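Residue numbers (the working numbering), protein chains in the order written: chain H, 1 to 312; chain A, 1001 to 1401; chain B, 2001 to 2342.
These are calculated hints, taken from the structure and not from any lab test. Among the clues, some could well be false.
Unchecked claim - Sample of chain A residues at the chain B side, in silico, Cβ under 7 Å: (1) D1151; (2) D1153; (3) H1259; (4) D1279; (5) K1284; (6) F1285; (7) R1320; (8) G1323; (9) M1360; (10) G1373; (11) F1375.
Claimed, not checked - So the derived label-pair ranges between C-beta atoms look like this: (12) B/N2089 <-> A/G1193: 48 to 56 Å; (13) H/G59 <-> B/G2234: 37 to 45 Å; (14) H/G59 <-> B/T2032: 55 to 63 Å; (15) A/Q1081 <-> H/N47: 26 to 34 Å; (16) H/Q51 <-> A/D1200: 41 to 49 Å; (17) B/Q2186 <-> A/Q1081: 56 to 64 Å; (18) B/D2109 <-> A/P1311: 17 to 25 Å.
Claimed, not checked - Per the computed footprint, the stretches of chain A lying under chain B, defined by three or more beta-carbons under 8 Å from a beta-carbon of chain B, are: (19) 1196–1210; (20) 1221–1231; (21) 1247–1258; (22) 1305–1314; (23) 1327–1338.
Every value quoted in this text rests on a predicted model; they were computed, and no experiment measured them. Backbone N, C-alpha and C define an ideal beta-carbon position, used for all residues, glycine too.
Each chain, letter by letter, is given below.
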Amino acid sequence: MATNFSLWAKTGNISLPGTGPVPFWGFAGSAAGPAQLPGPHMEVPQNDNVQVILTNDLGFPVSVMFPGQEFTPQPARDSGGLFVSYNSETAPGGAFSYNLTPGRPGIFLYESGTSPEKQVQMGLYGVMVVRPAGFDPGNPATWTAYGPGTGTEYDVEKILVTGEIDTNLHQELAAGSPAAEFNPGHFIINGRSYPDTTDPDSGGGQPYGSRVSVTSGQRVLLRIINAGFINHNIRFLGITPRVMAGDSWPLLSAGLDKSYEKNTITIGSGQSYDLLFTAPAAGQYMLYDRNLNCSVNDNTFPGGMMTVIEVV
Amino acid sequence: MIRNINLWVTDGYISIPDGNSIYIWGYTDAAGKRAQVPGPRIVVNQGDVVNISITNTLPEATSVVFPGQSGVTADTGSGPQPAGPKYDGGGNLVSLTDFADYPGNPGGNPPTITYTFTAHRPGTFIYESGTNPHKQVQMGLYGAIIVRPSDYDPAVPAKKTAYGENTHTEFDREYLVVVSEIDPVLHQAVEQGKDYKIRDFLPRYWTMNGRSAPDTMNSDNAGYMPNQPYGAMIMAEPDEKVLIRYAGGGIENHPLHPHGNHTRIVALDGSLLKNGTEDLSYKKFTVLVGAGQTYDQVFTWSGLGYNPSNPIPTVMPNLRNLGVGDAGWTMWSGSPYLGEKGDVPVGVTSFNQVGEYHFMVHSHEEMQITNWGEFPGGMMTMIAIFPTGTLGDAGTIEGLG
Amino acid sequence: MATINKRFGATDGYIRVPGGSEIYIFGWVDLTGIPENEIFSYRGKAQLLGPLLEAKVGDEVYLTLTNLGMPVRPDLDDSHTIHWHGFPNQIPVWDGVPEASISVLVGRDFVYYYKPLAPGTYIYHCHFEPVEHIQMGMVGPLLVRPADYDPGNPAYKTAYGHGTGTEFDREYFIFLTELDTRAHQQIEAVQEYDWTDYKPDYWLNNGRSYPDTVEPSGALPYQPYSSLIRANSGDKVLLRFVNLGYQQHSIEILGVPLHVIGQDAQRPLGLNGENLSYRKNALYFAAGQTMDAIFTAPSAGTYPLFNRDYHKNVNAGTAPGGMVSEIQILAGSLPPQPGPGQ
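Extracted from the complex, chain H is given alone in its bound form (with noise of 0.2 Å):
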């Protein structure tokens, strides 16, 4: 089997409550559409020949890697010997073809790995789920994240990519200036802060509500990854998820059940966490991050990382 998917990386603003339009450089699924924060949803069955077809419309060579999964990255150096890319650069106006086979299933960041403390700050990233063997998006019997025997059957899915925005640093960067040094003010789940959030999906540069809408009694499989460069503490009120996975490992086997309950998880930077909770009553349960100074926009509370599990 094959996939292939092809992304454009643009130029592309986004708005984020309190602020004028944001610069940033994100990946768009079609050549006529946005730069888009996140990038493009990739979803692909595991042991599939997965092809990334990059076309670069911005000024500069960027990137697509794949950390997390198993692969040979091809960096490329400077004359010096020096990192310039962790993997193959594709050239301003040029196009170039990434080539992966996803070993196992789970949920995965793609990334910019040129200069990544810009690009991915900038907003050069999305996220590929793996699908395991068996897996038949029209049947929800088959849905699990991780196949049979990992108790990671759902009802619902629902994908949560973290982030920060320093909208100094996006300015300057997509002025040509030097990178000031990071200092986010702004907090996203994808790609969008607080009250934002909550709001549906769309089409546009932020297509990705984070609302969590689902009915009582409902198998919810929440995908935590964390694309920023801090770590979160991601709190939940009035629910206590299990953890099923960390990093697309997951935690149950046949030979041991590691998995966990935990009220509050820490999420350091690249990392991803599979959370299971049935849904309570009837009501709305807050979702935001314990790391207080990221639950904001800017000075002001509410914002930032927050969002709604809304449970009807």
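Keeping the supplied structure of chain H fixed, place chains A and B upon it in accordance with the hints.
Structure of chains A and B alone, referenced to chain H:
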């Protein structure tokens, strides 16, 4: 049982060993008292129905969230309703949960509210503000709840446990350490009614149970710290099982490193690390205490068997060839042996009592064991191992409830 | 069981960061076997990291600390100590905490004694005014071999003992610290520094920042440890991670997930022996923690190692730099490794 707990939300001052006095907001257990940090300990039993009423005297609304509890209700006078986020007329979130308004708010909610939940699970939990928490939690509106297992019986060793009989959480002594940070500039801004700029957050003090070292090592209810009633000194005898409950009350993660031995982590956020008969507990020598999280762990120090008749295999130099008490004080006995006292240099105050051993417990982000840059200070205390039979009966943590 | 006699000097010196700047440090120097009348010539020659301290479970280690003083700061008569970080059931006189026992004055010696009880990756560091002395560089790697360790027998060349599933072919330290050069400059210039202003501008892997990290071990005179990791395809590679900075870090190797078989010098084992070892893509860990992770070297190629906190992969703001290093996997031409990190 039904537990009725009354808290007042008010302000006060806490003392820092460098002489600074910091304005705080906090909880207290009687009308008219100044606020304390952390809030009063709440100790209840599994299965109890817990009613926590708060009376707000602050100039803004406040609330309490109970992470890890389920089915919390709130009652502002018209009967209990499921607690949940509150919005203004424009649909803007104003509080993570139902709140007590500030007194005298025209057309506002009452300044009192009662939260109710059933303590379904044993463990260590946090309670803290859910209204402007970026400010109110930093100002001191946080505390801890201990839920005893339903079969808890401190008189029966097999039932003196954190999570119930046969959960391998028996303990001889228990301690609770709630950690946090203080940015004095933000506290001063609140005191003076200036803008509260969380983006400028830059802590200068770090606390255990609301105190910075060396005050952490002082006893509970030390008279000169009326609003910081809880000491953070950990005391035990050799081979005892010491249950240490950490809670992250601040907004940063802190790596706490005990000298003397590893700890075994037995529960996270009040969830026992067991699945059926499978035990998921593990040993660590540095525990990263995440903001808003709790860690229950068991520490035991057994020593290496040295005593004057089984002497250490090295020669102790003469005192004048050693540095002792550089800070002007020492916890050392002057002897390498437990229960023995030796000489310490003239001019150095030894706080050692009966030849007990002291092992430091501290944040390994080392600037956090200073008071605004001055070592020793901050998020640091000692585990004191007393000679067998000298420490007396083990008390357990008591609190409201 | 062997008796190991070591002597470490505490003194000051200079290291180099990429770009050529010399940074003032405090640190350790190995005086083992040096005649007494030559010891003075080691003043001012501190290295970052300190010398590797290696022992087997059951060995007896007599470690003499000699306080050589600070030739660049002769006014600074600080004492020093050695704290064996993570040593189980320690007693205070050898624990190195001045507030709870003793410290070693300038010009004096003190003998620390250790009989290691458990294998794993540990750290040693000075605990005198630790915020200053650790940041200034008084840190070093410490590893304890299992009692049955035998590098000549693959089944006994393990991190935690025969039968623990921790066999390895090669091993490397990844010892993380940070450098706040303002603090180092202030201390060199006899000025006070407010440690609560701590803000590093260099991030170090084995005492070096990229690209010095990938230079060979002898390339920098006072930074003896390369961070370059090399293996043959199929080798089991043991990485001994240490964080002795003051920040949390998230370390990732592109293309290579890791199997965590030890943390804080313990196998993660439940009370009934449950094997709680686990796999991770990014190792997020804090100051004062250690982790042991094994991977099987994949096909030949270069696999970058970096801090996933990407803003830290810089030297004074300029990328690439920081903790970045390389895993070079060869097809099979590497000879056996003579010792850790080599």
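### Query
Okay, which hints does this one fail, numbers in order?
Numbers 1, 2, 7, 15, 20, in rising order.
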